[in-house]
Amino acid sequence: MKRYITALLMLIMNSILFGNLAYSNENIEDETNTKDSIKLITQPEISEILEINKQGDDTLITFTNINLKVGESGIILRDLSSYKAIVASVVVIKLEGTKAIAKVSPFTQLTQPYLPTPNMTPETGDMVIFRSFNNKAFLIAPNEITYKNITEKYDFIEFVSSDLLMGFLNSQGKHDPTPKLLPKACNEYGVGLLFIVGSKDIGIFSCQNVARIAKYKNTLTDTTTKSPFYTRTNFEGGGSLTYSLSSKKSKDYFLYYDEFLKD
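Numbering (UniProt numbering), first residue to last: 1 to 263.
For the record, the hints were derived by calculation from the structure and aren't laboratory data.
These numbers come from a predicted model, not from an experiment.
Cβ coordinates follow ideal geometry from the N, Cα and C atoms, glycine included.
Mimicking BS3-like on lysine-lysine, the simulated pairs with C-alpha atoms at most 30 Å apart in a straight line are:
1) Lys39 to Lys200
2) Lys69 to Lys215
3) Lys215 to Lys35
4) Lys200 to Lys251
5) Lys148 to Lys136
6) Lys215 to Lys200
7) Lys148 to Lys174
8) Lys215 to Lys184
9) Lys215 to Lys153
10) Lys200 to Lys148
11) Lys226 to Lys180
12) Lys200 to Lys184
13) Lys69 to Lys153
14) Lys84 to Lys94
15) Lys54 to Lys180
16) Lys103 to Lys180
17) Lys99 to Lys215
18) Lys69 to Lys35
19) Lys184 to Lys262
20) Lys184 to Lys153
21) Lys99 to Lys136
22) Lys103 to Lys184
23) Lys136 to Lys153
24) Lys180 to Lys200
25) Lys69 to Lys184
26) Lys226 to Lys249
27) Lys248 to Lys136
Derived DEER-like restraints, expressed as beta-carbon distance ranges:
28) Gly56 to Leu181: 27 to 33 Å
29) Asn33 to Gly167: 31 to 37 Å
30) Ser244 to Ile145: 29 to 35 Å
31) Thr121 to Ser246: 36 to 42 Å
32) Ser246 to Thr98: 42 to 48 Å
33) Glu51 to Asp263: 28 to 34 Å
Produce the entire structure from the sequences given, and follow the hints as far as they go.
Pasting the structure below:
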C-alpha cells in the first residue's frame, strides 16, 4: 500500500509541475484516434474547489470543468504545509458548461486499517484530482488472443493480470465479477480503469464505481470465450458452499458483459 500512496503523490506533484493536461474534443466512440483518446483518460486532471453545498445528507462541490465525464471518480487533496492529505473521494454527477459538480464520499481506496482515519471535510481551495490511478487497469476479455491484442495496442497502460482479479473473486467465493465486487478488487490493487470486451464493443469504466466513461466499436478476430473471463488460472470453487450458491451468469460470456455495455 505504501508504494501506491508514494506513487500517487509523485504523480500528483508531476502534474502540478507540468500543468494540467487538456482534453481534446475527439469523440472516443469514433474509431479514429481511439488510442490517443484513451491515452488522454490516463492523464491526471487537477482543479480546485470553488463552492461547497449541502443537499440533504450529501455534500456537493463545484469546480472548474476540465472536460471530465459524468461518473468519473477522483480525490480531494489538501496541502498541510509539511505534507498533503487525502480528504475524501468524489464522483462527477453533473456538468454545467465550464463547471462540474461532484458528490463527496469517504476515501476507501488504498485503505490502511492499522492507521488512524483523518477526520477532515472539504474546504474551498482544496485540490480536486482525477485519473490519478488511471495508468493501471483490469481487462476483462473473452479469450487469450483478444486479451493480448488489447494489452499490446494500449501498452501505455499497466494492465494488472486478470489472474489477480480471478484470485480476488475466488477469495470472495464468487464466480461473476459484479458491479459490487469490481470496485473492491480495484481498491485492493490500486487500479483506476476497467476495460470490458463485449461482442461488438469495448467499454472503459471508472473502476471505483463501474461507471462507463467511454465506449468504442471493436471487431473480434476470435469469438471463443472463457468464463468468467480470460485468465491463466482455473477455479471451480474447491467445494465451497458459498461458491456453489453464487451467481454464474458469466458462463454465457457475451450475454453477461454486453449488459455492462448497453446505452
